[in-house]
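Asker: Sequence:
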Amino acid sequence: EVSQRRKQLEEEMRTWDIEQYTISIKCTRYVYTVIGCAALLVVAGLISAFTIRERIEGVDPFGLANFSWLLAAFGILIAKSIRVTEWPWRDFLLGRVTCRTLSELQSVTSTNEQDLILCLLTHE
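Here the UniProt record's numbering is used: position 51 in the sequence shown is 51, and no number is missing along the way.
There's no promise every hint is true.
[What the hints assert, rightly or not] Simulated pairs of lysine to aspartate or glutamate, DMTMM-like, Cα-Cα distance not exceeding 25 Å:
hint	residue 1	residue 2
1	Lys7	Glu19
2	Lys80	Asp91
3	Lys26	Glu12
4	Lys80	Glu113
5	Lys80	Glu1
6	Lys26	Asp91
7	Lys7	Asp115
8	Lys80	Glu19
9	Lys80	Asp17
10	Lys7	Glu86
11	Lys26	Glu113
12	Lys7	Glu113
13	Lys80	Glu12
[To be verified] Restraint-style ranges between C-beta atoms, simulated for each label pair:
hint	residue 1	residue 2	range
14	Leu46	Leu118	20 to 28 Å
15	Leu77	His123	27 to 35 Å
16	Glu19	Ser81	21 to 29 Å
17	Val2	Arg90	34 to 42 Å
Note that these hints are calculated values from the structure, not bench results.
Beta carbons are placed, not taken as given, at the ideal position from N, Cα and C, and that holds for glycine.
Take these sequences, add in the hints, and give me the full structure.
Answerer: Structural data, given as structure tokens:
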């Protein structure tokens, strides 16, 4: 079981960009999911604004649309800061994350820390 996990992690490590102090990993699926959910929220807000129009008295329907924009931006900020502490916008939009610590690497890859240490030491 350990050798299987190690082989699987070594295959995954081939796509990593390993430098002296950092490891860059592609995570485009996570970024596209976050941006897709935000876009869906914005579109839903706009659709609700256009469909409600003046049906509810005293309510500005485009206030709801503005609120959905605000909620989508806040969601992106939260999702961006969950994985690593310092994730520049350029790297986020390119779908790559730069890990500086083992805990960040473990958070991004969802791999056991001991397996990561083992593979990093044997890779070196």
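Asker: Could you run down the list of hints and mark each one as holding or not?
Answerer: Hints, one by one, checked against the model:
no. : hint                         : in the structure
1   : Lys7 <-> Glu19               : 21 Å, holds
2   : Lys80 <-> Asp91              : 10 Å, holds
3   : Lys26 <-> Glu12              : 10 Å, holds
4   : Lys80 <-> Glu113             : 22 Å, holds
5   : Lys80 <-> Glu1               : 33 Å, violated
6   : Lys26 <-> Asp91              : 9 Å, holds
7   : Lys7 <-> Asp115              : 10 Å, holds
8   : Lys80 <-> Glu19              : 22 Å, holds
9   : Lys80 <-> Asp17              : 20 Å, holds
10  : Lys7 <-> Glu86               : 30 Å, violated
11  : Lys26 <-> Glu113             : 19 Å, holds
12  : Lys7 <-> Glu113              : 15 Å, holds
13  : Lys80 <-> Glu12              : 22 Å, holds
14  : Leu46 <-> Leu118: 20 to 28 Å : 50 Å, violated
15  : Leu77 <-> His123: 27 to 35 Å : 34 Å, holds
16  : Glu19 <-> Ser81: 21 to 29 Å  : 23 Å, holds
17  : Val2 <-> Arg90: 34 to 42 Å   : 37 Å, holds
Consistency with the previously given hints fails for numbers 5, 10, 14, ordered from lowest to highest.
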